[in-house]
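For the protein sequence lines, the chains are X, E, A and V, in the order given. My numbering numbers the first residue of the first sequence as 661 and each following residue consecutively. My numbering numbers the first residue of the second sequence as 661 and each following residue consecutively. My numbering numbers the first residue of the third sequence as 661 and each following residue consecutively. My numbering numbers the first residue of the fourth sequence as 661 and each following residue consecutively.
Calculated from the structure, these hints are not laboratory results. The beta carbon of each residue, even a glycine, is placed where N, CA and C say it ideally should be. Be aware that one or more of the hints could be misleading.
What the hints assert, rightly or not - Taking beta-carbon pairs under 8 Å as the criterion, some of the chain A residues facing chain V (in silico):
hint, residue
1, 684
2, 720
3, 752
What the hints assert, rightly or not - Which bits of chain A does chain V cover? Going by a derived footprint, with three or more residues having C-beta under 8 Å, they are:
hint, stretch
4, 708–719
5, 857–867
6, 891–905
Protein chains: 4
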Amino acid sequence: MRFLSDNTASACPEILTAMAAANHDRVPAYGADEWTRRLDRCLSDFFGTEVRAFVVTTGTAANALSLATLSPPYGAIFAHEEAHIVTDECGAPGFFTGGAQLVLLPGEHGRVAPERFRAALAAHPVSLHTVQAAVLSLTQATEAGTTYRREDLVQLAASAHERGLKVHMDGTRLANAVAFLDCHPGDITWRAGIDVLSFGATKNGALAAEAVVFFDPALVKDFELYRKRAGHLLSKSRFAAVQLLTYVEAGLWRRNAERTNHFAQRIGCAAPGALLHPVEANEVFLHLGAQRRQQLRAQGFEFEDWGPEGRGDARLVVSWDQPEEDVQALCLALARL
Amino acid sequence: MRFLSDNTASACPEILTAMAAANHDRVPAYGADEWTRRLDRCLSDFFGTEVRAFVVTTGTAANALSLATLSPPYGAIFAHEEAHIVTDECGAPGFFTGGAQLVLLPGEHGRVAPERFRAALAAHPVSLHTVQAAVLSLTQATEAGTTYRREDLVQLAASAHERGLKVHMDGTRLANAVAFLDCHPGDITWRAGIDVLSFGATKNGALAAEAVVFFDPALVKDFELYRKRAGHLLSKSRFAAVQLLTYVEAGLWRRNAERTNHFAQRIGCAAPGALLHPVEANEVFLHLGAQRRQQLRAQGFEFEDWGPEGRGDARLVVSWDQPEEDVQALCLALARL
Amino acid sequence: MRFLSDNTASACPEILTAMAAANHDRVPAYGADEWTRRLDRCLSDFFGTEVRAFVVTTGTAANALSLATLSPPYGAIFAHEEAHIVTDECGAPGFFTGGAQLVLLPGEHGRVAPERFRAALAAHPVSLHTVQAAVLSLTQATEAGTTYRREDLVQLAASAHERGLKVHMDGTRLANAVAFLDCHPGDITWRAGIDVLSFGATKNGALAAEAVVFFDPALVKDFELYRKRAGHLLSKSRFAAVQLLTYVEAGLWRRNAERTNHFAQRIGCAAPGALLHPVEANEVFLHLGAQRRQQLRAQGFEFEDWGPEGRGDARLVVSWDQPEEDVQALCLALARL
Amino acid sequence: MRFLSDNTASACPEILTAMAAANHDRVPAYGADEWTRRLDRCLSDFFGTEVRAFVVTTGTAANALSLATLSPPYGAIFAHEEAHIVTDECGAPGFFTGGAQLVLLPGEHGRVAPERFRAALAAHPVSLHTVQAAVLSLTQATEAGTTYRREDLVQLAASAHERGLKVHMDGTRLANAVAFLDCHPGDITWRAGIDVLSFGATKNGALAAEAVVFFDPALVKDFELYRKRAGHLLSKSRFAAVQLLTYVEAGLWRRNAERTNHFAQRIGCAAPGALLHPVEANEVFLHLGAQRRQQLRAQGFEFEDWGPEGRGDARLVVSWDQPEEDVQALCLALARL
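With the rest of the complex left out, here is chain X (with noise of 0.2 Å):
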């Protein structure tokens, strides 16, 4: 039973049936087909906004791309310290802006709190000597599976703005986050004061399709030649596009993260002296200690360690086909440990 990461899943069968559909005649390359360019009002729908959205096949390509059309070469990009961006992307960031440096913060459950950003802001040098402060990147929901709420959003933009930084939002787990603040997803994204954002759907049952969202067309700027350069332009784009098209319309995004977070609930209420964080998105983070860590590996589950070596602390993900019995069975033996 496989709770290591919502990537190991399969991908839903509404989105290969699609796929399947598109998959006729000889149509424009390079997104020029009419999947593709559906997208732009598809997100726009969405989103309740007009934005430009842009398909890319991983995280860490919507993420380096979006941080490269916002920050120059010798800019700052302030994130909490255990962001995607910071921790697991092999330095994409310095290599799709040509130099960038990242600021990390420290931050409770995952989060940066406003203050703490505004405080780093201030200390950060206004000099010729020092990178020069570009762009607030935060994660919704955070590697810490917990959210942000709106009104800690919509301060942490304008303190950023304030001082002509530019928000991107990685939204790798967008779906979990609106599932579980039941909002709209321009609550937590544009009216909130996000300029970038990479919505993912991978994780959450495409099979490698992330889009590139921008709430403020000039910030699109040479956004598709940085794409292009980094062979992150696909030909036969229809098939990545109808990926995020269905996933969208077909609300695979809201019905796959609804299941998902309930599914994390249930975990997280099984085992609730040992929550290392609130449980709002899909990511359950225990203190288990060594010897019940390797218990519950002895029954079969498969998870990963956290943290420091010593401190025994474990993360379960569920994925959007975990089947209910996996649940079940890893609540029971939750409840037993």
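With chain X's structure known, arrange chains E, A and V on it following the hints.
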């Protein structure tokens, strides 16, 4: 009737079927799944030698990642002046390598002549003040729809190796070259001295799948880190790997290449006097003149203008899924012009 | 007797004296000192228009920083195929710009012909798939020891501007060009349409000082940040700035350029039949043949072989501090050959 | 009376005299002159082991070129959070390495504690998904005006080497550290495990000259190409090399460092209660409070505010040419406050 490019094509149903068949269960991400792990074996069998093979989604990524692995940032990459890496990748080689410089070589029918390369290499200074000769990149089949003969490849690679350069092959249409030359895939790659190959499948029937094939495992070095930080490591890697497996194991590569080569031959035969290059793959280049170009278009044929404005040349590319009637109609129309 | 290069020369005593005179007290670092702050004024007067001027220590830095300011990472930089940025800077343009690609233009006597550039520009696609035409870089005096006439510069710059390119001039030997053409420095720079100039002093009498001169202040943009992060912002900036001030204000630029031009003319007159290029600056290119090259060397003359191995060509460069006897001896020797 | 920074200082007359003495004849350019060629010998004698040494004009260049030689583009560079490479080089490490990421370590008095580094290293994942631990960069004397003891350096370097990292030392004020610790220059560099050193001379009496010193010749690798393409290879190299030669051979390094260290001690003794860090080099950090800061300034003392706005801290740096009266006056003023 679209003869715009082979990347306007649909994908082979066999490949979509295989993807659907792989769509079950939660499997390890990032290439630790059974499909991706089978790639080395599959391509070793295909090429008749032990290789290391990695999947990416675009030809630009395959080329640029190969070059980044082979060239230092201060390297010189020798290539035909019409190579895809020169004209169609928006500077990807410079980006991925961190600044390597292209050295362009002219050459009839899209080919670099061995003596021409030798001369360019001899003329390239050995000096701290200039970029250091690092890589020779050859395209097979070429951008002019022709192929290199094995003897020429052997000479080119030998000249490169003699001075310490590595040899990259852009094999986005390698299948067409193998089919035309009626040789073993190893004959025009590692046996001729190619070190690293971009082995294309997308144009010839896949959705989005290219293999970077290392014939010398020592050269793999930091390829995987380069791929990861470029956002080209797929989380649900199985869906890309299975495309390559099917492409190779089901013989789609040959079936499709033979078909498109054959159709291209027929088109070439219909306008022998207008041929700009010998037809040795699935592309036909014709000198039509502006008027006949327009007449063809008026009859519903889509294709690209080629070369300098006023000259009235055209490129017609046959896709793997091109209906035979399209080809028949085109041949008729050409004959009538 | 060394005619290897003008960068083998010593420095003008006037410049060392001025440096010693500036060597007192603790003054603000990083260019906030009185000497550096005087650069804008000094060079504005020199060029007859308001400029922004920045000092760096090498021509490669001046060129590459100029290009990084003018070209995006996905840019195309047009230059003569023998330009210093192409052949002698070890890929600096690619490094500083983050991957821009050079587009090489042939041209007699080291010059890009206006119609040739127009044709190249017309042939350069406007497409997402290729590097974007961004900069034309011209060398004055050229690497062949010739100069551009003002009319040609005007045409070249106009063609560039028409399509939105910026025009950079590598003026490592600008003084020699101004002296030869007997014009105002503004005539062959901003009045002809040059946007940014690398204005060399090192080869013509300074120790290590080049100015990057912006004729359009709007283009300065992030130049200072690029310079800082490239390690080219000097802390004790006064010692570099004072070199430029003395070079310009004491008229060393003209005195030295006239002297070296004159000597080069004499050398050229001593071997009129062997001249490869007109002598319009301080460099003489001769077709000698291997034997006569050796005879010259046997008589104690040092110079560089030039061009393809077997051809036996030579480059002789006059330094500002070249003893007249060296030149006399060389003229005699050439006449005797 | 300026205590702003040691880079506001003038240059030692001995150094200017040596430059003038070297100012004769035409000598080979780009470091093939006799002065530059003597650097290896001179610094090998200085450090008591065979080294390769290269001159550049700024500390940022020395550091960033060192790091580019030691770290791959996907590398992680560990450094104190207040290190110059982190806060004062405008992202140069990211630029020169092609995207390496800094990992910041806290530490009292500007020092990285060995156990702290060990912990950070242990916590840094060995994974394809993150930047790869590549370099530890230490500053000696530190940015807090303190020094590392030899034992700590030994431990730090051993931990680094154990995991395959290389160790860089930013020795912009190495002379001050050697003088304070009263040790042999080798003791706190190669004998302690340092692989590559940025050996500063500019702040301590030169005009613009820093040496990059490789204690392991195998690490030199492509340093020279990196330097060239960064525009940091000087054509008239003799004028930079002779600065280093004089700095070392005439004992200026020690004479100046002892003087400035001594003056800093006196200043520290005048305000013992306000000291933020032990005084072990030529910098004094004081907690004064806003009012006393202003009082000092009103008396004509110039210095930098330090640390967070409201805290009222100050940094006072003694330059090699600081008049003793400045120091006396400052001590009196501090005592009076």
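Hint by hint, here is what the structure shows:
1. 684: At 6 Å from the nearest chain V Cβ, residue 684 of chain A passes the 8 Å test, so the hint holds.
2. 720: Since the shortest Cβ distance to chain V is 4 Å, the answer is holds.
3. 752: 5 Å, holds
4. 708–719: holds (count 4)
5. 857–867: Since 3 is at least three, the answer is holds.
6. 891–905: Since 8 is at least three, the answer is holds.
Checked against the numbered hints given earlier, the structure satisfies every one of them.
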